[in-house]
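Chemist: Listed below, chain by chain, are the residues.
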Amino acid sequence: MPDINDLGPQGLAWRRVSPDYIKVRLISATVSTVIWVLITGVPVILALLSIWGDPSDLWRWLPPAIVLVWGIIDLCLIPRRVRAIGYAEQGTELWLRRGIIFRSVTVVPYGRMQYVDIKTGPLLNAFGLADLTLHTAAAATDANLPGLPRAEADRLREELTRRGEELMVGL
Amino acid sequence: MSDSRTNGPPGTNALRPSPEGQWLRVHPLTPYVRSWLLIVALVWGVGNVFLDDVLSAVVYGDPLDVDFAGTVQLVGIGLVAAVLCGVVGLVIGLGVLSWWFTRYQITPEHVRFRSGAIFRTQRQARLDRVQGIDIERKLLPRIFGLASLKFDVADGGTSALELSYLRRDKARELRHQLLGAVREASRSAPATAGGSRDGYGHDAARPPVGAPAPRADAPAPAPWDHSPQARQYRTARAGHADNRGMSTPEEGSREVRAAARLGLLSDQDDPDQQRRVFTVPTSRVVLSLVLSWGTVSAVFFAAVAVVVWWWNPQALRVVIPSYLPVAVMIVSGLYNRLESSWGFTLSQVQVGVRVRSGLLNERSSTIPVGRVQALQVSKPALWRVFDGHRVKVITAGKGGVDDLEGLRSLVLPVGTPDNVADILELVLPLAEAPTELVRDGLNGIDGDANYTTSPRRARWLDPLTWRRTGFAMDDAVLSLRWGRLNRNVSVIPHHKTQSLGLQQGPIERRMRIASIHAHMITGPVTTAVHHLDAQQARDLMVRQTDAARAARERNNHDSARRSREEIQ
Numbered sequence: 001m002p003d004i005n006d007l008g009p010q011g012l013a014w015r016r017v018s019p020d021y022i023k024v025r026l027i028s029a030t031v032s033t034v035i036w037v038l039i040t041g042v043p044v045i046l047a048l049l050s051i052w053g054d055p056s057d058l059w060r061w062l063p064p065a066i067v068l069v070w071g072i073i074d075l076c077l078i079p080r081r082v083r084a085i086g087y088a089e090q091g092t093e094l095w096l097r098r099g100i101i102f103r104s105v106t107v108v109p110y111g112r113m114q115y116v117d118i119k120t121g122p123l124l125n126a127f128g129l130a131d132l133t134l135h136t137a138a139a140a141t142d143a144n145l146p147g148l149p150r151a152e153a154d155r156l157r158e159e160l161t162r163r164g165e166e167l168m169v170g171l
Numbered sequence: 001m002s003d004s005r006t007n008g009p010p011g012t013n014a015l016r017p018s019p020e021g022q023w024l025r026v027h028p029l030t031p032y033v034r035s036w037l038l039i040v041a042l043v044w045g046v047g048n049v050f051l052d053d054v055l056s057a058v059v060y061g062d063p064l065d066v067d068f069a070g071t072v073q074l075v076g077i078g079l080v081a082a083v084l085c086g087v088v089g090l091v092i093g094l095g096v097l098s099w100w101f102t103r104y105q106i107t108p109e110h111v112r113f114r115s116g117a118i119f120r121t122q123r124q125a126r127l128d129r130v131q132g133i134d135i136e137r138k139l140l141p142r143i144f145g146l147a148s149l150k151f152d153v154a155d156g157g158t159s160a161l162e163l164s165y166l167r168r169d170k171a172r173e174l175r176h177q178l179l180g181a182v183r184e185a186s187r188s189a190p191a192t193a194g195g196s197r198d199g200y201g202h203d204a205a206r207p208p209v210g211a212p213a214p215r216a217d218a219p220a221p222a223p224w225d226h227s228p229q230a231r232q233y234r235t236a237r238a239g240h241a242d243n244r245g246m247s248t249p250e251e252g253s254r255e256v257r258a259a260a261r262l263g264l265l266s267d268q269d270d271p272d273q274q275r276r277v278f279t280v281p282t283s284r285v286v287l288s289l290v291l292s293w294g295t296v297s298a299v300f301f302a303a304v305a306v307v308v309w310w311w312n313p314q315a316l317r318v319v320i321p322s323y324l325p326v327a328v329m330i331v332s333g334l335y336n337r338l339e340s341s342w343g344f345t346l347s348q349v350q351v352g353v354r355v356r357s358g359l360l361n362e363r364s365s366t367i368p369v370g371r372v373q374a375l376q377v378s379k380p381a382l383w384r385v386f387d388g389h390r391v392k393v394i395t396a397g398k399g400g401v402d403d404l405e406g407l408r409s410l411v412l413p414v415g416t417p418d419n420v421a422d423i424l425e426l427v428l429p430l431a432e433a434p435t436e437l438v439r440d441g442l443n444g445i446d447g448d449a450n451y452t453t454s455p456r457r458a459r460w461l462d463p464l465t466w467r468r469t470g471f472a473m474d475d476a477v478l479s480l481r482w483g484r485l486n487r488n489v490s491v492i493p494h495h496k497t498q499s500l501g502l503q504q505g506p507i508e509r510r511m512r513i514a515s516i517h518a519h520m521i522t523g524p525v526t527t528a529v530h531h532l533d534a535q536q537a538r539d540l541m542v543r544q545t546d547a548a549r550a551a552r553e554r555n556n557h558d559s560a561r562r563s564r565e566e567i568q
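Chains as they are written, first to last, in my numbering: chain R, 1 to 171; chain E, 1 to 568.
Hint data in this document are derived by calculation from the structure and do not stem from the laboratory. Please note that a few of the clues may not be correct.
Anything over 12 angstroms on all C-beta distances counts as not near chain E; from chain R, calculated [unchecked claim]: (1) Thr30; (2) Val34; (3) Ile35.
Derived coverage of chain R by chain E (criterion: at least 3 residues anywhere in the stretch with Cβ under 8 angstroms from a Cβ of chain E; other residues may be distant) [unchecked claim]: (4) 7–21; (5) 60–74; (6) 135–145.
Glycine residues also receive a C-beta, built at the ideal position from the N, C-alpha and C atoms.
Throw the hints in and build the complete structure from the sequences for me.
Modeler: See the structure below:
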C-alpha cells in the first residue's frame, strides 16, 4: 500500500498532531458508542425489565449489535486516523493532510487566510489541546487541524497571522 | 419634492458636499407600487362585493343594497359612497404615511436608506465599498416610469442596499453622480487626506500630442479608444515603463493593458461611458429556449398525453391534473431563462462590463473585471446544433445564494464562439485571453498539447467522459474541462485561487487516480476535476501552488507600483 505521503509533494516535513489527541478521540468515540448502544438498545432493556416483549427476539439485539461493532471498528481506526493528520509549513503555504480511507491534501497560501480560529472544549482542555481552523474566502477550504498542543496552536496562530499579513493579497 | 442636490449640472462627477442629515424622499408612488399585490387583492375584493350591486342599481334602477355576506347591509347611495371613500382614503393614507417615513440620505461617505413608520429599519452602505450601482426596472414600476437603484457592496451580505423607487431619469442621473462619488470615496480612502486628490492627477491636462512620455498619473484613454492619441499614449506608456527598468516592453504593455482594463489608469473618463460589445439576437434566444430540456420534456409530456388520449380518452382526466406541477415547473424555468436572456446586452465600461437584460423586468448589473474569480463556458448537448455557448462567472462581492443563477453571474446566456472570445478578452482579469485553452477545452478530446486527461484505467468509473475529463495549465490560469455531451470548461486565474485540495477515496486509490479541487469564492462555476492520474494530480498541485504564488507576487508587485505612482 502506498504511503500517505504519496499525495503530497516529496520532501515535505510533515508534522503530526499531538499523540494525546488519540486519547481524546478514543474517549469521545467510546462515550458516543455507549450512548448510541443504549439508545438503540431500548427495546432490549425494556424486554429485560419485562416491561415490553420477549428478550429472546433476535431483532431487538440487532441494532445495538450493529452499533457496537461499528463503534469498535471506529475505535480501532482512530489511532491510524489521528496519525494520518499532518501539516507542513512552507515558505508561503501551509500544507495539510488527513484521512486513511478517504484521503485529502490541502494547500493554503498564507496570503489567502482571512482568519485563524482556535477552539477548545473541556475534554481537549484536560489534555492541553486545541483545534485550529483556517478560513479563506472560499467556503470549500476545509483546513482544520484538530488536537494540537495548546502552545503549538498558539505559536501556529501567531505565525500564520504574521505571515498572512506579510503576504496579504486582495480578492 | 424639490431636490437640488441630485440635480447638479451634468458633467460634475463628484457629489456636491451636502449637509449631513439631509434626508430625501423617494417617489410618492413607491408604497403603492411596492404593495401592488395587496391593492389588487383589495380592489378585487371590493369590486366583487360592490360592482354587481352597483351595476344593477345603475342599469336597472334598483334600490342600492350592498350585502356583505349577510352580516352587514349598506342601503342607499350615500352610505355606499362613504364606505368606498373610506377604504380608498385609508389606502392612500397608509401609503402617504409609509412614503413619509421612507427616506434616503447621501453623504460623501455613505448611502443610507430608512423606512418604516413604527418598526424602523435603516440600511447603509459605505461609498468606498460600493462595487457597482445598477438600475433595476421591474414591470410595474416601469409602467409608472420608475426605477430602483441597487448598490453592490463589497463587504455586503446577501441583500444589497436598494433605493426604490425614483423617477427613471432621476435614478439614472443619481446613479451617474453616485458613481463619481464612489470613485472619489474609494480613492481618498486608502491615501492620506488631501494628498490623494492632487496626487491622482485630477487637474492634470491630457498630454499634448507629441509629448515624449506622459506623466504616470495622466488620464489614460479608454481601452476601446483607438484614436491616434490613445495609441500613442499606450506606446508611450509602455516605453515609459521600460525606461524605468520595471519590465520588458511586452510586460509593460501587458500591465498597461490590464491596468487600463481594470479602470485603474483612466480618471477623467465618464464612469458610465459604454461601448456595446454585443446583443443577443431574439432569434437565438428563442432557439436556445426551444432547444432546452424544458421544451424537450414539455414535448415528451405532451406526446404521452396524446398517446393516452388515443388509447383511452377517459384516462386524460387523471393525466392532465397530474401534469400541473410539472407544467408549472417547466414554464417558470423557461420564463426565468427567457427573462435573463431576452435582449441581453454586454457593454464595456470603465471598471469592467455591464450586462443588461429582461423582457418584463429589466435588470442591469456591473461586473468589475478585477473581481472576477473564475469563468465557466458550457456548451449544452442540444445547443451544439447551432453552436451555442453559455458563460458564467464568479464575482467577489456578488454573493447571495439566491443570486447564483441570476443575472449577475451570467455574462452570456447564449452566444456564438465569437461572443465567447470577446468575453474572454473583456471579463477575465488577465493580460492574455486564454482563447486557445477554452477552444481546446470545449472541442478537444483525449490528451493533446494543452490538456492532460484521465488515464485509460479511469474508464471503469467514468465510461463516457474519461477522454474529455482533463486539465491544462499555463502561467496565468488553470483550466479544467469535462463532459462529453454537455461540454464544459472552466478557467481559473492563478492569482484568484484561494486554496487547493486533492482528494482520493478508497476505490480511487486502488485505481491510482485522484481528484483536484480549486477552492474559490462560492459561485456557479465548477472548479473541481475528478479521476486524474494520482501522480499527475500531485504534480499539478505542486505546479499550481508555485504558479499561484508567482501570480500573486506579480499582482502584488503591480498594485504596489500602482500605489507608488498614485502617491507621486
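Chemist: Looking back at the numbered hints, which does the structure fail to meet, lowest number first?
Modeler: 5
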